[in-house]
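Chain residues, written in single-letter form:
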Amino acid sequence: MKLIDQEQVIRRMKPRLFRNTFFKYLFLLATGLCLIVLAVLFGRIFIQGLPYLDWQFMNSLPSRKPEEAGIYTALNGTIWLMVVVVPVTMILGVGAAIYLEEYAKKNRFTTFIQVNISNLAGVPSVVYGLLGLTLFVRTFAFGKSVLAAGLTMSLLVLPVIIVSAQEAIRAVPSSFREASYAMGATKWTTILRVVLPASLPGILTGSILALSRAIGETAPLVVLGIPLFLAFLPNSVFDEFTALPMQIYNWTSRPQDEFHALAAAGIIVLLALLIVMNSVAIMIRNKFSKRY
Amino acid sequence: MAILVEMRKEELMIEQPEVNKEEVYQTKDLNLWYGDNHALKHINLDIFENEITAIIGPSGCGKSTFIKTLNRMVELVPAVKTSGEIYYRGRNIFDKNYEVEELRTRVGMVFQKPNPFPKSIYDNIAYGPRIHGIKDKKILDEIVEKSLRGAAIWDEVKDRLKENAYGLSGGQQQRLCIARCLAIEPDVILMDEPTSALDPISTLKVEELIQELRKNFSIIIVTHNMQQAARISYKTAFFLNGEVIEYDQTNKIFSTPSDKRTEDYITGRFG
Numbered sequence: 001m002k003l004i005d006q007e008q009v010i011r012r013m014k015p016r017l018f019r020n021t022f023f024k025y026l027f028l029l030a031t032g033l034c035l036i037v038l039a040v041l042f043g044r045i046f047i048q049g050l051p052y053l054d055w056q057f058m059n060s061l062p063s064r065k066p067e068e069a070g071i072y073t074a075l076n077g078t079i080w081l082m083v084v085v086v087p088v089t090m091i092l093g094v095g096a097a098i099y100l101e102e103y104a105k106k107n108r109f110t111t112f113i114q115v116n117i118s119n120l121a122g123v124p125s126v127v128y129g130l131l132g133l134t135l136f137v138r139t140f141a142f143g144k145s146v147l148a149a150g151l152t153m154s155l156l157v158l159p160v161i162i163v164s165a166q167e168a169i170r171a172v173p174s175s176f177r178e179a180s181y182a183m184g185a186t187k188w189t190t191i192l193r194v195v196l197p198a199s200l201p202g203i204l205t206g207s208i209l210a211l212s213r214a215i216g217e218t219a220p221l222v223v224l225g226i227p228l229f230l231a232f233l234p235n236s237v238f239d240e241f242t243a244l245p246m247q248i249y250n251w252t253s254r255p256q257d258e259f260h261a262l263a264a265a266g267i268i269v270l271l272a273l274l275i276v277m278n279s280v281a282i283m284i285r286n287k288f289s290k291r292y
Numbered sequence: 001m002a003i004l005v006e007m008r009k010e011e012l013m014i015e016q017p018e019v020n021k022e023e024v025y026q027t028k029d030l031n032l033w034y035g036d037n038h039a040l041k042h043i044n045l046d047i048f049e050n051e052i053t054a055i056i057g058p059s060g061c062g063k064s065t066f067i068k069t070l071n072r073m074v075e076l077v078p079a080v081k082t083s084g085e086i087y088y089r090g091r092n093i094f095d096k097n098y099e100v101e102e103l104r105t106r107v108g109m110v111f112q113k114p115n116p117f118p119k120s121i122y123d124n125i126a127y128g129p130r131i132h133g134i135k136d137k138k139i140l141d142e143i144v145e146k147s148l149r150g151a152a153i154w155d156e157v158k159d160r161l162k163e164n165a166y167g168l169s170g171g172q173q174q175r176l177c178i179a180r181c182l183a184i185e186p187d188v189i190l191m192d193e194p195t196s197a198l199d200p201i202s203t204l205k206v207e208e209l210i211q212e213l214r215k216n217f218s219i220i221i222v223t224h225n226m227q228q229a230a231r232i233s234y235k236t237a238f239f240l241n242g243e244v245i246e247y248d249q250t251n252k253i254f255s256t257p258s259d260k261r262t263e264d265y266i267t268g269r270f271g
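Protein sequence lines correspond, in order, to chains A and B. Numbered according to full-length UniProt numbering, the first sequence spans residues 1 to 292. Numbered according to full-length UniProt numbering, the second sequence spans residues 1 to 271.
Accuracy of the hints is not assured; some may be wrong.
[As the list claims (entries may be wrong)] For the chain A half of the interface with chain B, some residues (derived, Cβ under 8 Å), not all of them:
no.: 1; residue: 56
no.: 2; residue: 104
no.: 3; residue: 106
no.: 4; residue: 178
no.: 5; residue: 179
no.: 6; residue: 181
no.: 7; residue: 183
no.: 8; residue: 184
no.: 9; residue: 185
no.: 10; residue: 186
no.: 11; residue: 188
no.: 12; residue: 189
no.: 13; residue: 194
no.: 14; residue: 201
[Unchecked claim] Restricting the straight-line Cα-Cα distance to at most 20 Å, the calculated cross-link-like pairs of lysine to aspartate or glutamate (EDC-like) are:
no.: 15; chain 1: A; residue 1: 187; chain 2: B; residue 2: 102
no.: 16; chain 1: A; residue 1: 187; chain 2: B; residue 2: 75
no.: 17; chain 1: A; residue 1: 187; chain 2: B; residue 2: 101
no.: 18; chain 1: A; residue 1: 187; chain 2: B; residue 2: 46
no.: 19; chain 1: A; residue 1: 105; chain 2: A; residue 2: 178
no.: 20; chain 1: B; residue 1: 113; chain 2: A; residue 2: 67
By construction, these hints were calculated from the structure, which means they are not laboratory data. Here a beta-carbon is modelled for each residue, glycine too, at the ideal position from N, C-alpha and C.
Just chain A, same shape as in the assembly:
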């Protein structure tokens, strides 16, 4: 006695195949829509901004006259910002990840911290701006300096870096650690010579993606009161500065059309910077990713 009626199976075949095809095109449509929106956005920015994107634009200080205005201070300020953010986040983020993965005992307290770090990654950036304003600008009296903004941005991206570094460290097979311990290696030697080299691609990829976010963030800078218009360059981390997103924000809020075009050109520079950083992340991942 057979429990499955073959004829019925055949009869049901057609609708099954139809659903199969239907979902394929549904997903294609979803991807397509995203791409179209992105393409329109890019197209508009490039049409508007490309004519203004020249050496003079890259190399000039901001100005009230659109034909003389440039992005030099903002680009410089963004680079200064990264000078603070990169070391602070890498050292603190990777350090915290190593502690949580390799040293911390797996108990309730660790889980509690873990959940909170993941939650922090979802806190709106404005909140970090407010924290930075109270803590770094006022309490520590760093003013609206590169340092204050850099530390605020660091706080903003730290949770992301910690979580991604933790994932990279966790992905290192425990058999590597065992092999190292079994030869009389200490924990620190094992971390330094086995765990970190094996997890470096993952850590770097995650970090660069997080840093890309820091480059594009505007809200915390607005809250900190970073100037929208600045005609000089910072000389140290204690100087005032302005950054690319601030400059773009400044130009878009002007009534003149020329400034809007300048904003578009600024966005192209920002995008280029992001693409370069992301490509570096992908290159690192491809170059160092080992099969095991």
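Place chain B on chain A using the hints.
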């Protein structure tokens, strides 16, 4: 006396294997718990130098746990508790003053699955000596060659020392791991089912290698494969449910076991 034993080790092995051998390990009433699970029960085993001691038993009988206790790797598992003593060359390894790193420089380990580092073949072998502070390139070169020769893999890899170890086959990787273990010049080598992930031909090569290593090292090998224990070991311990049921010369265990349970296991009635 010790010197005499040292000098005559070779002959003694062949003529009178039992005479005047020193114990490398003596365990005294060893108990181990994973949380509430009593995994090792009152183990008293003496393991002698320059012998191959096989540990057999069905899955979950504690044989892997036991061998991992010998170099305290078992402590990597959370919530492990032990009682009793294990003397390695006369020193209690659970002693507070006995650093676990020190113990592990004398006791090497080969794992179930080949686990080379994702580094070059050379760097894999040089890892141990390097962490123990050897920086001289010449000495490292020498250690690498000696270890790879010792593990009978030198001829296969001598032209590709700078290549990634993961380009090797599974059997070669396992012999590389044995070579890596030899590079720290251990006294004892613990092997936790070293051939269970290998094909028959690689298994044969590793077994031949283990026979060869016996001349210079004391080897304790956990194996799932009773034929393997019979082929390579001099002594065999049969574990069941965390207890040592029988421990004797291998040929005795496999021909005239004194315990009914040993007989049942080796004749394939369970396990």
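Evaluation of the provided hints:
1. 56: This interface hint is violated because 49 Å lies over the 8 Å limit.
2. 104: 12 Å, violated
3. 106: Holds. Min distance 7 Å.
4. 178: Where the cut-off is 8 Å and the nearest Cβ of chain B is about 7 Å from residue 178 of chain A, the hint holds.
5. 179: 5 Å, holds
6. 181: Check passed: Cβ of residue 181 of chain A comes within 7 Å of chain B, closer than 8 Å.
7. 183: With a minimum Cβ separation of about 4 Å from chain B (threshold 8 Å), the hint on residue 183 of chain A holds.
8. 184: 4 Å, holds
9. 185: 5 Å, holds
10. 186: 6 Å, holds
11. 188: Result: violated, 10 Å to nearest chain B Cβ.
12. 189: Holds, because the Cβ-Cβ distance from residue 189 of chain A to chain B comes to roughly 5 Å (cut-off 8 Å).
13. 194: 6 Å, holds
14. 201: Since chain B brings no Cβ nearer than about 11 Å to residue 201 of chain A, farther than 8 Å, the hint is violated.
15. A/187 with B/102: 13 Å, holds
16. A/187 with B/75: 13 Å, holds
17. A/187 with B/101: Holds, because 10 Å separates the two Cα atoms, which is no more than 20 Å.
18. A/187 with B/46: Not satisfied, since the Cα-Cα distance of roughly 31 Å exceeds 20 Å.
19. A/105 with A/178: 18 Å, holds
20. B/113 with A/67: Distance ~68 Å between residue 113 of chain B and residue 67 of chain A Cα, so the pair is violated.
Of the numbered hints listed earlier, those contradicted by the structure are 1, 2, 11, 14, 18 and 20.
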